[in-house]
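Chains as they are written, first to last, in the working numbering: chain Y, 15 to 414; chain C, 7 to 99.
Among the hints, a few may not be true.
Unchecked claim - Per label pair, the in silico range of CB-to-CB distance:
| hint | chain 1 | residue 1 | chain 2 | residue 2 | range |
| --- | --- | --- | --- | --- | --- |
| 1 | C | Thr53 | Y | Thr364 | 27 to 35 angstroms |
| 2 | C | Glu69 | Y | Pro409 | 36 to 44 angstroms |
| 3 | Y | Thr103 | C | Gly21 | 45 to 53 angstroms |
| 4 | Y | Lys391 | C | Glu54 | 23 to 31 angstroms |
| 5 | Y | Glu361 | C | Thr53 | 44 to 52 angstroms |
| 6 | Y | Met52 | C | Gln75 | 41 to 49 angstroms |
To be verified - No farther apart than 27 angstroms at their CA atoms in a straight line, the calculated lysine-lysine pairs in the DSS-like style are these:
| hint | chain 1 | residue 1 | chain 2 | residue 2 |
| --- | --- | --- | --- | --- |
| 7 | C | Lys76 | Y | Lys380 |
| 8 | C | Lys29 | Y | Lys284 |
| 9 | Y | Lys290 | Y | Lys139 |
| 10 | C | Lys29 | Y | Lys275 |
The hints are simulated quantities; they were obtained by calculation from the structure and are not laboratory data.
Virtual Cβ for every residue (Gly too), placed ideally from N, Cα, C.
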Amino acid sequence: MLNAECFFSKMATLTETQPASLTLSNDEILRYSRHLIMPEVGMEGQLKLKAAKVLCIGAGGLGSPLALYLGAAGVGTLGIVDFDVVDYTNLQRQIIHSTADVGRPKLDSAAEKLKAMNPFLNIRKFNTRLSSDNAIELFKEFDIIADGTDNFPTRYLVNDACVLTGKPNVYGSIFRFEGQASIFATEEGPCYRCLYPEPPPPGLVPSCAEGGVLGILPGLVGVIQATEVIKLILGKGDPLIGRLLLIDALAMKFRELKLRKNPDCPACGKNPTITKLIDYEEFCGIRGEEAPAEVTTDEIEVEELKQRLDRGEDIYVLDVREPHEYDICNIGGHLIPLGELPNRVNELDTSKEIVAHCRSGVRSAKAVNFLRQAGFKKVHNLAGGILAWADRVDPSMPKY
Amino acid sequence: MPKIHIPTPLRQYAGKQPAVDVKGSTIGEALSGLVSNHPDLRRHLYTEDGKLRAFVNVYLNDEDVRYLQKEATVVRDGDNISIVPSIAGGSST
C-alpha cells in the first residue's frame, strides 16, 4: 500500500541514523525472545522497537492498555502526557492503576507500573495539559503519537499538531460499547478533519461519566492502537491508514469503512488553511458553556427538600434518571427518564410543585428548562442531584 | 430494503434499535424515511436548514457518500447505510 510504504521508509531512515548505539543486551534478548523468533520481528524489528519514541496522550482507559503493551513490546522511549489524578471510578477500566493509587497522579502510577514490568524502558513523563502552546514542541520529540484522550477539543488539537509536525496519529475512541480506530495524519492518508471537519455541538454527545462505558472496551480498542503503533514501527502488515475500524463489542462485530484524504481539508489538503494551532475550546464551542444559566433561581437544596418532605408537603419528586440508575439508589421519586419526558409530560400536574432531580443536577436542569418552557411554573431543580442527597442528607445511600 | 445502521449515541432516538430497514432508492430518501419514522433523530442528523450535520458521516457499504453522489447516491436492496458520528471517549471521566 502506498500509504504504508511511505511511512515505512521514513521509519527505516530514522533507525538507520542510530544503528551503532543500539544493541540488545543478553537480558533483553531473553526478554523479547518470543518476538525475536518470529520472522516478522527478529533482531532487526526488535531494534526498531527499541529505537522508537512513542507519545501516549492520556494514561486512562485507552492509555492504560496502550502503554502497557507498548512497554511490554520493548518500545524504547515512551512519553506519557496526563495531568489527572487516579479516581476510584477509573479502576473499572484503567487497568494500569490500582486501588492504592487513588488520589495519586496518573502519570506517577503509570510510570511506576511500566518500569516495574520493563526496566529497560525510557519513560518520559509530561505532567501537563496538552495545549496549543506546548503540543508542537512536544510532538517533535517523538516518532508516533497515540491519541487516547476523552474530549473533542484535544482530538482536534492532536490531529492538527500531528499534521503540522508530520507525525502519524494512531487514533482510538470509545463510547459505551462501541469503538473506533484508525491512523490519521500520515503523508498520503487522511487526517481526523478529513473524516470530521467539525465537532458536534457541546451537549450532543455524552461523556463516559454521563453515558457510561463497558470496562473492557478501552482495553479492546487500546490494544488495537498498540498493535497499529507496533506495525508502523516494524513496517509490517496492513496498517489502518485510510481505514476506519468500527467495533461493536456487544455484537462482537468489526466493520470497516474507507477513509479518503479530503483534497480540500483545511489541515492536510492541497491548500491548508491551518498553519498553526488554534483555540480548540472555542472551535468546539464550549467556552462558557459549563454553568447552565437558568439554574440559580430554579434551584432547591437537598436539606430544604428533605425538611419539606418530612413536614408532609405535597411535592412531586420527579426523577429523570434511567431505570437502571433508579435500581442503584433512589429517593422514592416518580421515574420519567429525561429522554421520555416530552412524550410523558401529560403525567405531570401543572398545579403541583415539582422538584426534578437526576444524579448530579445536569440532566434535571434540562428537565426544569423544558418544563418551564412547556408552561409549568412551579418547577425546581435539586441542586447537586442524588449525589448531594447522599453526601448531606442520607450518608447510607450509595454513590455512583 | 436497504438497512441503516444506527450508532450507539443515536439509538435512544430510534427506538433503541441498532439497525432499521428503510425504503428509498437514494441515500437522501432513505435518511428522510428514517427521520420521518423517528422524528427525534432529525436534530441530531440535520441542521435547522435541512443540511446533514458536518460531524455526521454517511456511508453506503464502506464508501463515504461525500465521495459518491452524496444524497443522490443510489441505494439497492441489501445495501448497508451507516451513520458514523464522531465519538471522543478515551481517557478519564
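Here's how the hints hold up against the structure:
1. C:Thr53 to Y:Thr364: 27 to 35 angstroms: Holds, at about 33 angstroms.
2. C:Glu69 to Y:Pro409: 36 to 44 angstroms: Check failed, 56 angstroms falls outside 36 to 44 angstroms.
3. Y:Thr103 to C:Gly21: 45 to 53 angstroms: Violated, at about 30 angstroms.
4. Y:Lys391 to C:Glu54: 23 to 31 angstroms: 29 angstroms, holds
5. Y:Glu361 to C:Thr53: 44 to 52 angstroms: 32 angstroms, violated
6. Y:Met52 to C:Gln75: 41 to 49 angstroms: The hinted range 41 to 49 angstroms holds for methionine 52 (chain Y) and glutamine 75 (chain C), with Cβ atoms some 46 angstroms apart.
7. C:Lys76 to Y:Lys380: Roughly 35 angstroms separates the two Cα atoms, so the pair is violated.
8. C:Lys29 to Y:Lys284: Violated, at roughly 39 angstroms.
9. Y:Lys290 to Y:Lys139: 25 angstroms, holds
10. C:Lys29 to Y:Lys275: 31 angstroms, violated
The structure is inconsistent with the numbered hints 2, 3, 5, 7, 8, 10, although it conforms to all the rest.
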